[in-house]
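Number of protein chains: 2
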Amino acid sequence: MNEEMKIAIYGYGNLGRGVELGVRQNPDMELVGVFTRRDPQAVKTLTGVPVYAAEDVEKFAEKVDVLIICGGSASDLPVMTPALAKCFNVIDSFDTHARIPEHFANVDQAAAGSCHTALISAGWDPGLFSLARLYMNCVLPEGKDYTFWGRGVSQGHSDAIRRIPGVKDARQYTVPVPEALERVRAGENPELTTRQKHTRECYVVAEDGADTALIEKQIKEMPNYFADYDTAVTFITEAEMKRDHMELPHGGQVIRTGATGQENGHHHVMEFSLKLDSNPEFTASVLLACARAIGRMHGRGIYGCKTVFDLAPADLSPLSPEEIRAHLL
Amino acid sequence: MNEEMKIAIYGYGNLGRGVELGVRQNPDMELVGVFTRRDPQAVKTLTGVPVYAAEDVEKFAEKVDVLIICGGSASDLPVMTPALAKCFNVIDSFDTHARIPEHFANVDQAAAGSCHTALISAGWDPGLFSLARLYMNCVLPEGKDYTFWGRGVSQGHSDAIRRIPGVKDARQYTVPVPEALERVRAGENPELTTRQKHTRECYVVAEDGADTALIEKQIKEMPNYFADYDTAVTFITEAEMKRDHMELPHGGQVIRTGATGQENGHHHVMEFSLKLDSNPEFTASVLLACARAIGRMHGRGIYGCKTVFDLAPADLSPLSPEEIRAHLL
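Going down the list, the protein sequences come from chains A and B. Using the working numbering, read the first sequence as starting at 1 and increasing by one per residue. Using the working numbering, read the second sequence as starting at 330 and increasing by one per residue.
If you're looking for bench data, these hints aren't it; they were derived computationally from the structure. Treat the hints loosely; a few may be bogus.
As the list claims (entries may be wrong) - Keeping only pairs whose Cα atoms sit at most 25 Å apart, straight-line, the calculated PhoX-like set for lysine-lysine is:
id: 1; chain 1: B; residue 1: LYS571; chain 2: B; residue 2: LYS497
id: 2; chain 1: B; residue 1: LYS497; chain 2: A; residue 2: LYS275
id: 3; chain 1: B; residue 1: LYS335; chain 2: A; residue 2: LYS275
id: 4; chain 1: A; residue 1: LYS220; chain 2: A; residue 2: LYS168
id: 5; chain 1: A; residue 1: LYS220; chain 2: A; residue 2: LYS197
id: 6; chain 1: B; residue 1: LYS335; chain 2: B; residue 2: LYS415
id: 7; chain 1: B; residue 1: LYS415; chain 2: B; residue 2: LYS473
id: 8; chain 1: A; residue 1: LYS144; chain 2: A; residue 2: LYS168
id: 9; chain 1: A; residue 1: LYS197; chain 2: A; residue 2: LYS144
id: 10; chain 1: A; residue 1: LYS59; chain 2: A; residue 2: LYS86
id: 11; chain 1: A; residue 1: LYS197; chain 2: B; residue 2: LYS497
id: 12; chain 1: B; residue 1: LYS526; chain 2: B; residue 2: LYS473
id: 13; chain 1: B; residue 1: LYS604; chain 2: A; residue 2: LYS144
id: 14; chain 1: A; residue 1: LYS144; chain 2: A; residue 2: LYS217
id: 15; chain 1: A; residue 1: LYS275; chain 2: B; residue 2: LYS473
Unchecked claim - Stretch-level coverage of chain A by chain B, calculated; a stretch enters the list once three of its residues show a Cβ under 8 Å from a Cβ in chain B:
id: 16; region: 18-31
id: 17; region: 300-310
Stated by the list, open to error - Just the calculated beta-carbon pair ranges, DEER-fashion:
id: 18; chain 1: A; residue 1: ARG162; chain 2: B; residue 2: GLU332; range: 33 to 41 Å
id: 19; chain 1: B; residue 1: GLY485; chain 2: A; residue 2: LYS44; range: 33 to 41 Å
id: 20; chain 1: A; residue 1: PRO321; chain 2: B; residue 2: GLU592; range: 12 to 20 Å
id: 21; chain 1: A; residue 1: LYS86; chain 2: B; residue 2: LYS392; range: 27 to 35 Å
id: 22; chain 1: A; residue 1: LYS144; chain 2: B; residue 2: ARG524; range: 48 to 56 Å
id: 23; chain 1: A; residue 1: PRO321; chain 2: B; residue 2: GLY342; range: 51 to 59 Å
id: 24; chain 1: B; residue 1: GLN484; chain 2: A; residue 2: HIS97; range: 41 to 49 Å
id: 25; chain 1: A; residue 1: LYS144; chain 2: B; residue 2: GLY342; range: 24 to 32 Å
id: 26; chain 1: B; residue 1: ILE631; chain 2: A; residue 2: ASN264; range: 43 to 51 Å
id: 27; chain 1: B; residue 1: GLY630; chain 2: A; residue 2: ALA105; range: 24 to 32 Å
id: 28; chain 1: B; residue 1: ARG512; chain 2: A; residue 2: ARG162; range: 36 to 44 Å
id: 29; chain 1: A; residue 1: PRO165; chain 2: B; residue 2: ARG353; range: 57 to 65 Å
id: 30; chain 1: A; residue 1: THR212; chain 2: B; residue 2: THR523; range: 34 to 42 Å
id: 31; chain 1: B; residue 1: THR523; chain 2: A; residue 2: GLY113; range: 36 to 44 Å
By construction, the Cβ of each residue, glycine as well, lies at the ideal position given by its N, Cα and C atoms.
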């Protein structure tokens, strides 16, 4: 890996912009360009990197080492990732948990069949949190783990509120319940309901004359998204939304408690936590570290679909094996 | 891996006993026996597993998949691990940081030359904390990381106190300074001196008639061990030592703070923490998870010396790739 790794971005939203900025922090990488389904002339990148039409992407097959696909999990990635894995080494951040086995199989077939290497479901959850759960489960086989998310903006929940008639804009924060976190950290191994783990805070800009009481009721009773949670709805002005809610912070904890010893008398608590000012920029940073590993695996002739569980940690690092042993072990 | 992996223990102290108990939590493993340099007749295991003389270990070369070497880093492991790697797949918890490159080279030569697979420096630090540092550095290239240890018993420091004339017994706790931890978590990126990061608490049983003032002075002024720290010395009775200080708790934190974005305006905090009732039992649990990976790598013909950085996380798990994708991703 003496030559710079050539990265390209497919899809230019918050995540794509995060990748664009993140490449600058990785001196062993070079950004070839951004591919967009919009009119390339109308897209201006943050760093001046060139923009190309998504339909032209295959022309760049020989010029890109790893293509980072920055699309949505609902409808984009299930189609894009298998299609692009036929021409590129690819990475996505697919996070629809129930559909991972199906997505994995589709991407694996496309990548393996064309001698490419693909990574799905990278980021922080799935991604770093998945790694934390795996390491913790392996080290403490007899235990129980918990994942808490927040305080942070859930884009999916924000979108769900925006679809309600009379809503102009909305931001939803997922918030872990402090008492639940404390009980878990204390090793109580509590059984926690959905409602006991997280609350939901919604900030809503209503259209002029909209029935705010009805909007609040529709939010709080929305199945899957809000009905199982204690939800707080606050109506704010457009100016307040712009002033207080334009950032996309997030974070959370993975905690595993377990026991060892003669009578399992010794208790242990393992915790991995993140507190992020920008969810998309941090996710992008994870994707870039993973891109390094995928490029290297491809260079070794390891093809097909991978997850973070398959990446040797050393392959994520720009440092040599000697350097990481000397400085990080 | 349908057959049980055959594990053996070389060296039967606190860590060896931890491995013995830990095997029971891993249904895909079987404990062949314990090897000791003491008289095997005089050693009684906790679970009734057979005890053999260390000098007979080579006779078991065909009966053991992975040998876990539970010796000290100062004088045992630099000799034992390379010697045993000629006949076995081996794992140790070598933790003398400055000597890791030399130890790695010696073990690599022995293992590679005899088609064995070896892992050095496994445990939690080095080990899980090393992994945390690596992942964090790869994900946030522009940042700063900190490792705090404790509150926990440092065996090396306890031993150093016991060597002072007039000391009958001693226990030393390493304690992180709460204000330092808070400043790091707040993203202040402080430059911290040794003294600002940790304090040392010593509990000492003096011999009858010993000069406790002199002992206290000798502890506090001991170079490398205590002179650079704020150290508290408390004299206690033998009964108090037995009542309050027979456990070996430990733990700590790895924290990395870093920034991303246009002007590096978004800050992120990553933290991995451990709170352990029993340092040796937890370390043993890590070694066992690593043994699984080393056994599998050997089965694939991957030989030589490895560190935790080289182990694909999936190889640590008893679950199949499909299962870990479905349940942990």
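* Structure-inconsistent hints, enumerated in ascending order -> 2, 3, 7, 8, 11, 14, 18, 19, 20, 21, 22, 23, 26, 30 and 31
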